[in-house]
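Asks: Below are the chains, spelled out letter by letter.
Number of protein chains: 2
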Amino acid sequence: MSDLLVPETRVLAVASHVVYGHVGNTMAEFVMQSLGCDVAALNTVHFSNHTGYRQFKGTRATAQEITDLYQGLCQSNLTDFDVMLSGYAPSAAAVEAVGAIGIDLQTKAASKPGSFFWVLDPVMGDQGRLYVNDDVVPAYKKMIQHADLILPNQFEAEVLSGIKITSLATLAEAITAIHRIYKVPHVIITSVQLLKLSHSDSTPSPPDNYLTVIGSTTRSDGSARLFRVDVPALDCFFSGTGDMFAALTVARLREAVFAAGPELRNTASWVSPDEVVSADLPLAQATLKVLSSMHSVLERTMEARNAELASAALVSAPSGDLSVEEQQKQEHLRRTKAAEVRLVRNARFLRDPLVQFAVQDWSKEDLPDQL
Amino acid sequence: MSDLLVPETRVLAVASHVVYGHVGNTMAEFVMQSLGCDVAALNTVHFSNHTGYRQFKGTRATAQEITDLYQGLCQSNLTDFDVMLSGYAPSAAAVEAVGAIGIDLQTKAASKPGSFFWVLDPVMGDQGRLYVNDDVVPAYKKMIQHADLILPNQFEAEVLSGIKITSLATLAEAITAIHRIYKVPHVIITSVQLLKLSHSDSTPSPPDNYLTVIGSTTRSDGSARLFRVDVPALDCFFSGTGDMFAALTVARLREAVFAAGPELRNTASWVSPDEVVSADLPLAQATLKVLSSMHSVLERTMEARNAELASAALVSAPSGDLSVEEQQKQEHLRRTKAAEVRLVRNARFLRDPLVQFAVQDWSKEDLPDQL
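If you read the sequences in order, they're chains A and B. Heads up: the first sequence begins at 1 in the working numbering, then just goes up one per residue. Heads up: the second sequence begins at 1 in the working numbering, then just goes up one per residue.
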């Protein structure tokens, strides 16, 4: 019986924790464990539920508490991690504390290139606005140069690159700039909604209602080696999908790097030789599996959500006693809960993705002249 | 493809969290998720590692923080739990806060018998000594009457029953007393080392180096309905096995109760009719699968531990610079780390137990006269 597990991988996952639902580490931990990774979860907040409910209770870890937990691991020789995945931290000082952990692990692994890999999700905002304090941005900007792979969304990529993404050309420009400014060897920009972009350039557009994921592993001259995957968008907002993406990417990238042979995994930052075309990059192959798993899980989540909302609508009592405001609040809570990712019951799609998308080589040559 | 999942189950798990390794919720959450349970983990401490290392860093949640997190769930209608599993809480006030959560969930479910079930692990001590403050004991004693199933170890059963367990007869007496004093319908005493007991009574002893697990579901007259499973003991101490037992029991008991048909699961506390003999109890059938999964995982853990210790011994540098005390400390840390349960890579044994033990009906008739 095949277990469908990726090669043994010890991950330090630093992100938020919620009691109910699946975001941050409460998403990433189970996703990586399902694929066979040993996950040490260092939680940066302890909340009752995700903030999309518009109300929650709980506490944030201070920078000192984050540092202390890591020092606890150090003093007992419990830092033999192959990968660190860092996500949300609740303040600039906390981001810096997480950064110091990544740098320390990197320093410890310095004599063995490729033995430690840092995946950084620079959680700062979405949809055109920051949801962290302003001082978190420079904290990330200082830290990203140490990461091996970063996973900004479209807005975060704009913040980091200083380039407004309005077209496929400016998207490629932003990735190129991120490679250049931060010397970060791998980048994936998750969830680009190309429909919202101007299609004035000559690059073929994806069909309507598709999301585009663009990634790149740098070449030895520092240039971008771009690939692109288009996936159908689902008509629903789910919380935690960025964390699901990051966690699956950790496991699948490690798997793809192992599949490429011992030389690559003993290379600093797992950067493939220049002759590897973008569609054959481990990062591209990993992204295909990641998006396939996600699409299956989210498709089933949407079905379950629709069924839950329909059945709840049938039984909901008349709410004459509630103010309009209170009725709207209750309806928001109900819809938010119904959209929680159905993670655990669909774990088989994490372990065994049905690859249903294609990766496109998206080298500079294909891009319009204005790039 | 069978998923090997138990019926859909929403669990609120209240216990400790560690970054590295698997104890408390860091054990129970993944175990229950592997079997398909949706787990909401409310963490009572946030430590770097388990206390068996003899050093750790981190913070304890206050009773107020525990209550706040639960209030956060309540205010957003996120309390639709089928089961609560409560374990370690770091103070008497925290134990009481956890108890109030269990009672509140029970009250909310009062109109639907069987729709909520509380599994309580009264974590107080082991091997003849308390490792909590003295005031935790009365806090548990007040709370247990509300639980549906409790999972004390031998020492905790002695504390709760007031009966010193020195023989199979006194073991049965302790369970009978727990049913009587606390009106708790299901009890399992985990990890009884019968080798240490006097075998002066006439009940057949298990072979050498076996652990005995004794359980009971009460009859309608309040008497015990005892069953017993003997399992080979492994020659190694593992942390978190009590939490593994509890988590597997939640999932497997729910599965067995569903298999018994809709009547039982709509009965308060899932108490089987009197005519069901002890070996056929859902609790007994669940225990068999639980112990089989555990034995497979721990057997593989011990193999991996032995290999790790052997290989580390080969490469360990001369430690001439370290004091004897420091060498001993490093050796203890190394051995403790090596004995961490190999949970994630062996998840298939959680999902698909190879049942290799037998359950024995152990009714009063078989017990010696002195009972």
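Check before you lean on any hint, since a few could be wrong.
If chains are identical, the list can't say which one is meant, so a pair holds when it fits in one copy or spans any two.
To be verified - Below, computed lysine-lysine pairings styled on DSS-like, alpha-carbon distance capped at 30 Å:
(1) K112 with K329
(2) K164 with K57
(3) K164 with K141
(4) K112 with K183
(5) K329 with K183
(6) K108 with K164
(7) K329 with K108
(8) K141 with K183
(9) K142 with K108
(10) K142 with K164
(11) K112 with K57
(12) K57 with K108
(13) K141 with K112
(14) K57 with K183
(15) K329 with K142
(16) K183 with K142
(17) K112 with K164
(18) K164 with K329
(19) K329 with K141
(20) K142 with K112
(21) K183 with K108
For the record, the hints were derived by calculation from the structure and aren't laboratory data.
Asks: Report the numbers of all earlier hints that the structure fails to satisfy, in ascending order.
Replies: 2, 5, 6, 14, 15, 17, 18, 19
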